[in-house]
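S.K.: What follows is the residue order along each chain.
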Amino acid sequence: MVQDMKRAFPVIRIMDQNGKMTDDAYTDQIDKDFARTCYRQLVCMRAFDRKVINLQRQGRIGTYPGFEGQEAAQVGSALALREDDWMFPTYRDHAASITFGKSYNILSSWNGRLEGHVPPEGKYIVPPSVPIATQLPLAAGAAMANQYKESTQAVLTYFGDGATSEGDFHEGLNFASVFQAPVVFFNQNNQYAISVPIWKQMHSETIAQKSLAYGIPGIRIDGNDIFVVYFETKKALQRARSGGGPTLIEAVTWRYGAHTTADDPTKYRDQKVENEKRRRHDPITRLALFMKEYGYWDDTWAKALEEEVKAEIDEAVKDLESMPPANVSDMYDYMFEEPTWTIEQQKEAYMNFLRGDM
Amino acid sequence: MDDRTAKGSVYEFSAGGYVMVMHTKTHQLTPVQAITDALRTMLEERENVVVFGEDVGKNGGVFRATDGLQATFGEKRVFDTPLSESGIVGTAIGMAMNGLLPVAEIQFMGFIYPAYDQIMTHATRMRYRSKGAFTVPMVIRTPYGAGVRAPEIHSDSMEALFTHMPGIKVVCPSNPYEAKGLLIAAIEDPDPVLFLEPLRLYRAFRGEVPEGKYDIELGKGTLLQEGADVTIIAWGAMVPVVKEAAEQAEKNGITSDVIDLRTLYPLDKDIISESVQKTGRCVVVHEAPAAGGLGNDIVSLINDTSFLYMKAPVERVTGADIHVPFWALEDHNLPTPERVMAAIRSVIHF
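Protein chains in written order, with our numbering: chain A, 1 to 358; chain B, 1001 to 1350.
For reference, chain A alone in the conformation it holds in the complex (with noise of 0.2 angstroms):
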């Protein structure tokens, strides 16, 4: 008997669209300090995005996946980590991976720089995973080692819609469902694989059902509302380090643009839906909305803030620009501890070369 899938895992929102909260147990929970922490990191994100594209735009940097309409699923995803807890992101996911610690250096990558993959000292933030649902297995895998390990260390995977038509989202699944392995599944549903929309990508009504198929705990939620995806991240993860295995959380949400800056939306969507969901569902308006309603909001400190943040993303690209080029031993350095004498030789042979005296 197929039951009602949209009943059974309803969107849930603490926050509605203007702002109010629907849910008071989580009113006293949220303080100034914490939405303005929310409401700049959101903002701050979405200037980076945009700025990067812009930047691809002038040529000045790589093809480049955006996330604009998806911070408030990311940010307080990653805002709901501890210190010490292992990230597996995909190639969208720079919001979260920038608030859980990366510097903005994660752009180097869309130059072709090798440095950007890599996390400041001590943070597990695993380069982003670039083939679809690999990532799952390996979170699982990471995940079991801190049972292994009896650490109280979680994982946070991130993963998208397109991702779950993957025999790795299942494998991965199935794992830390059997192992009962500390990760959390983190689905991003912006609805869209590039231009495949997600009624062509599954028969299911939603994501989140498929957490009965591996009797663990689901749950649909709205993804631009921050507070909803900060708490029942939070939840999911402190279920994890308790021992209560892995949760798959379904976060709806909405990317604006396009897949990457390589393609065009408008081929495959009508971008009136666009307009309407930035003009109701926008994650950055509606904590602004809310932080009025509540008295947290304050027209000087958003304008400082906005300038705060466009000279700190300045910066970032500044820095990015002003990179020393690419060392070429690189390419051969990092395949293996030591490197075998065919990369030793072929790499001498190449810096020969390059040096005029083959």
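Hint data in this document are derived by calculation from the structure and do not stem from the laboratory. As the structure is a prediction and not an experimental result, all values here were calculated from the model. Check the hints yourself; a few may be wrong.
What the hints assert, rightly or not - As a list, the in silico BS3-like pairs of lysine-lysine whose alpha-carbon atoms are at most 27 angstroms apart: (1) K1269(B) x K1025(B); (2) K1025(B) x K149(A); (3) K272(A) x K200(A); (4) K20(A) x K32(A); (5) K347(A) x K123(A); (6) K235(A) x K123(A); (7) K1269(B) x K347(A); (8) K1131(B) x K318(A); (9) K347(A) x K1220(B); (10) K277(A) x K310(A); (11) K1058(B) x K1076(B); (12) K200(A) x K32(A); (13) K277(A) x K6(A); (14) K235(A) x K149(A); (15) K234(A) x K51(A); (16) K1131(B) x K149(A); (17) K318(A) x K20(A); (18) K149(A) x K1213(B); (19) K234(A) x K6(A); (20) K51(A) x K303(A); (21) K347(A) x K1131(B); (22) K200(A) x K123(A); (23) K123(A) x K1131(B); (24) K149(A) x K1269(B).
Claimed, not checked - Listing some non-contacts, in silico: residues in chain B with all C-beta distances to chain A over 10 angstroms: (25) M1095; (26) D1117; (27) K1131; (28) H1164; (29) R1316.
Glycine residues also receive a C-beta, built at the ideal position from the N, C-alpha and C atoms.
Once you've looked at the hints, dock chain B against the given chain A.
M.R.: Just chain B now, kept in the frame of chain A:
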């Protein structure tokens, strides 16, 4: 193995093998028992070693390679997994990144392909793409090769798919002593290692295996016998085949250097070039298809290092560019001592 007592005995190695220092206990083991012994040794030595795969725990592996390990070390360290090759290798990568030394079993090499993506896109790239921030000290063990009348897909020998792949070492022992020493070295290696176990030899014979921990350096072949006229190169299940061919050749007055490569990537350049520069003739034997096969890399290596020493083109005795035949015909595609002997004649009489 019930009478094992001493641990950490001392060994000395020489080019041709090992020399045991006095008072070291040894056992007569089959290759598969030597693998179990290596796993047991490393489970004892390193508390972060974990051993897992399909049927690896309670059943002790379909070939009994992990027999008794779960009983000794518990389910936390030796465990069964879902039937899920990409999941097995993917989780092994995650564990390795997070401080464990996973030894994952893929039940047959013919079933490794679902995990190929994980090996190619994550295991072998993680060190590079994180500039060394994350590493994958993982071993994937898998039985390979034909010759045991196994069902379809259970007899593949596709080592060249992995020697072509950057970022992974490929190891293939041919006897119990090497199986143990190489597996221990593979587990201790800081990078991914694919450990190919010739299933045809699992119980084919016994050999002397020392107790306790010892290793055999990866990337080094071994000269099994010395001769003057031809160099024969093989690994894994083809080693007994070429040894038999070398014996036949000797009856015909042809003496051979027989090289067991042991590691397929990186190749042991010195052992190959030194030998062919002496003999000037070479026969390479593998059961995998010829196209893109490792034999071609060996021919290239000989061209690069020893072209002017050669008295004849290198001969390759390999499987044809076909899938391993259904077993009624599998012997027709496997190199035999007779086919190797024909190739020896051909390089001698060139």
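S.K.: So, for every hint listed, does it hold in this structure?
M.R.: Hint check results:
1. Annotation: proposed proximity of K1269(B) to K1025(B) is violated, straight-line Cα distance about 34 angstroms (limit 27 angstroms).
2. At roughly 34 angstroms between alpha-carbon atoms, K1025(B) and K149(A) are farther apart than 27 angstroms, so this suggested pair is violated.
3. With a C-alpha separation of about 21 angstroms, the suggested pair K272(A) and K200(A) falls inside the 27 angstroms cut-off, and the hint holds.
4. With a CA separation close to 15 angstroms, the supplied pair K20(A) and K32(A) stays within the 27 angstroms bound.
5. A hinted pair counts as satisfied when its Cα atoms are at most 27 angstroms apart, and K347(A) with K123(A) does not qualify at roughly 31 angstroms.
6. Note on K235(A) and K123(A): the hinted pairing holds, with a Cα-Cα distance of about 22 angstroms set against a maximum of 27 angstroms.
7. Taking the CA atoms of K1269(B) and K347(A), the gap is near 17 angstroms; set against the 27 angstroms cutoff, the hint holds.
8. Taken as a hint, the K1131(B) and K318(A) pair is honoured in the structure, with Cα atoms around 23 angstroms apart against an allowance of 27 angstroms.
9. The suggested pairing of K347(A) with K1220(B) holds, with an alpha-carbon distance near 21 angstroms, which does not exceed 27 angstroms.
10. A C-alpha spacing of about 25 angstroms is found between K277(A) and K310(A), which places the hinted pair at or below 27 angstroms, so the restraint holds.
11. Of the pairs offered as hints, the one joining K1058(B) and K1076(B) holds, with about 12 angstroms between alpha carbons and a cut-off of 27 angstroms not exceeded.
12. Proximity of K200(A) to K32(A) is assessed by CA-CA distance (about 42 angstroms); at most 27 angstroms being required, the pair is judged violated.
13. The hinted pair formed by K277(A) and K6(A) meets the criterion: a straight-line CA distance of about 20 angstroms does not exceed 27 angstroms.
14. Using a Cα cut-off of 27 angstroms, the hinted pair K235(A) and K149(A) holds, with the two alpha carbons roughly 22 angstroms apart.
15. Between the alpha carbons of K234(A) and K51(A) the distance comes to roughly 30 angstroms, so the proposed pair goes past 27 angstroms and is violated.
16. Simply put, K1131(B) and K149(A) have alpha-carbon atoms about 25 angstroms apart, close enough for the 27 angstroms limit, and the pair holds.
17. In summary, the hint linking K318(A) to K20(A) is not supported, as the alpha carbons are separated by about 40 angstroms, beyond the 27 angstroms threshold.
18. Simply put, K149(A) and K1213(B) have alpha-carbon atoms about 25 angstroms apart, close enough for the 27 angstroms limit, and the pair holds.
19. Between the alpha carbons of K234(A) and K6(A) the distance comes to roughly 23 angstroms, so the proposed pair stays at or under 27 angstroms and holds.
20. Distance restraint check for K51(A) and K303(A): the Cα-Cα separation of roughly 18 angstroms lies within the 27 angstroms cut-off, and the hinted pair is therefore satisfied.
21. Restraint check: the Cα-Cα separation between K347(A) and K1131(B) comes to about 17 angstroms, which is no more than 27 angstroms; the hinted pair holds.
22. At most 27 angstroms may separate the alpha-carbon atoms for a hinted pair to count; K200(A) and K123(A) exceed this at roughly 38 angstroms.
23. The hinted pair formed by K123(A) and K1131(B) meets the criterion: a straight-line CA distance of about 14 angstroms does not exceed 27 angstroms.
24. Restraint check: the Cα-Cα separation between K149(A) and K1269(B) comes to about 41 angstroms, which exceeds 27 angstroms; the hinted pair is violated.
25. Under the 10 angstroms C-beta cut-off, the non-interface status given to M1095(B) relative to chain A is violated; the minimum distance is some 4 angstroms.
26. The Cβ of D1117(B) does not lie farther than 10 angstroms from every Cβ of chain A; its closest approach is about 6 angstroms, which violates its non-interface assignment.
27. Remark: the non-interface label on K1131(B) conflicts with the geometry, its nearest Cβ contact in chain A lying 5 angstroms away (cut-off 10 angstroms).
28. Distance check on H1164(B): its Cβ is at least 12 angstroms (rounded) from any Cβ of chain A, clearing the 10 angstroms threshold; non-interface status holds.
29. Under the 10 angstroms C-beta cut-off, the non-interface status given to R1316(B) relative to chain A holds; the minimum distance is some 20 angstroms.
The structure fails hints 1, 2, 5, 12, 15, 17, 22, 24, 25, 26, 27 (numbered hints given earlier, in ascending order).
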